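Engineer: Here is how the chains run, residue by residue.
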Amino acid sequence: AQKVTQAQTEISVVEKEDVTLDCVYETRDTTYYLFWYKQPPSGELVFLIRRNSFDEQNEISGRYSWNFQKSTSSFNFTITASQVVDSAVYFCALSVPTSGTYKYIFGTGTRLKVLA
Amino acid sequence: DTGVSQNPRHKITKRGQNVTFRCDPISEHNRLYWYRQTLGQGPEFLTYFQNEAQLEKSRLLSDRFSAERPKGSFSTLEIQRTEQGDSAMYLCASSLVGAGQGTSEQFFGPGTRLTVL
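Just so you know, the sequences run in chain order A and B. With our numbering as the guide, the letters of the first sequence map in order to residues 1 to 116. With our numbering as the guide, the letters of the second sequence map in order to residues 1 to 117.
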């Protein structure tokens with residue numbers, strides 16, 4: 001069975017602090033994809049990053065960075081110098097080739113509050 | 001706007017009534033997904049279409065739920081005899097997956113929030 005765990009329900013930080021959102025996944029498939037999405041108060045899920053299981057290279061995009069470690073089945077997301085606009089719910093998702101669907105299995109999300 | 005659109009954005013209905021939601025995906029996308037999201041949870045997969053073919057349905061999709069994508073473009077999700085437990089946000093997503101390509105990121109619409117009284 002596939003599963004995504006985001007143990008942090010809610011995190012509050014003060015603006016300009018760095019914050020890391022944890023994501024642990026479970027799957028027996030050797031081919032899979034991991035994603036992070038942002039859901040601001042407006043409700044629309046915004047795509048942030050995709051990573052496939054064969055690419056463990058970490059990625060940085062502006063203030064965002066992602067750390068993928070297959071050894072610990074983790075795909076953590078760090079925001080550097082957080083801003084109030086980063087306040088949102090962040091979801092980690094797993095996609096596996098079950099029946100060719102590649103449907104997403106989402107975690108329960110982490111609500112990030114960045115205080116001014 | 002060339003993103004995924006959903007209508008209506010909000011729907012309030014009485015228990016036992018039927019409701020229908022519409023999703024217009026990004027025009028060139030061949031895959032369309034429906035998810036349901038309840039408060040404090042992540043979205044849960046309901047069903048998916050490859051062009052006009054509905055290829056998988058979750059066990060969450062009871063017999064009261066039906067989805068169509070008649071011409072491989074827009075899709076509708078109908079819930080018959082609504083129950084209070086159906087209250088949720090219904091999300092639509094689309095993606096473009098080419099031949100031999102495993103997956104692609106899904107682009108989500110703003111959702112339809114259903115409240116069943």
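By construction, these hints were calculated from the structure, which means they are not laboratory data. Please read these numbers as outputs of a predicted model, since none were measured by experiment. Do not rely on the hints blindly, as some may be mistaken.
To be verified - Lysine-lysine pairs mimicking BS3-like chemistry, simulated, CA-CA at most 30 Å apart:
| id | chain 1 | residue 1 | chain 2 | residue 2 |
| --- | --- | --- | --- | --- |
| 1 | A | K3 | A | K38 |
| 2 | A | K38 | B | K11 |
| 3 | A | K16 | A | K113 |
| 4 | A | K16 | A | K38 |
| 5 | A | K3 | A | K113 |
| 6 | B | K14 | B | K57 |
| 7 | A | K3 | A | K70 |
| 8 | B | K57 | A | K38 |
| 9 | A | K113 | A | K70 |
| 10 | A | K3 | B | K57 |
| 11 | B | K11 | A | K113 |
| 12 | B | K71 | B | K11 |
Engineer: So which of the earlier hints does this model not fit?
Structural biologist: Going through the list in order, the structure violates no hint and respects every one.
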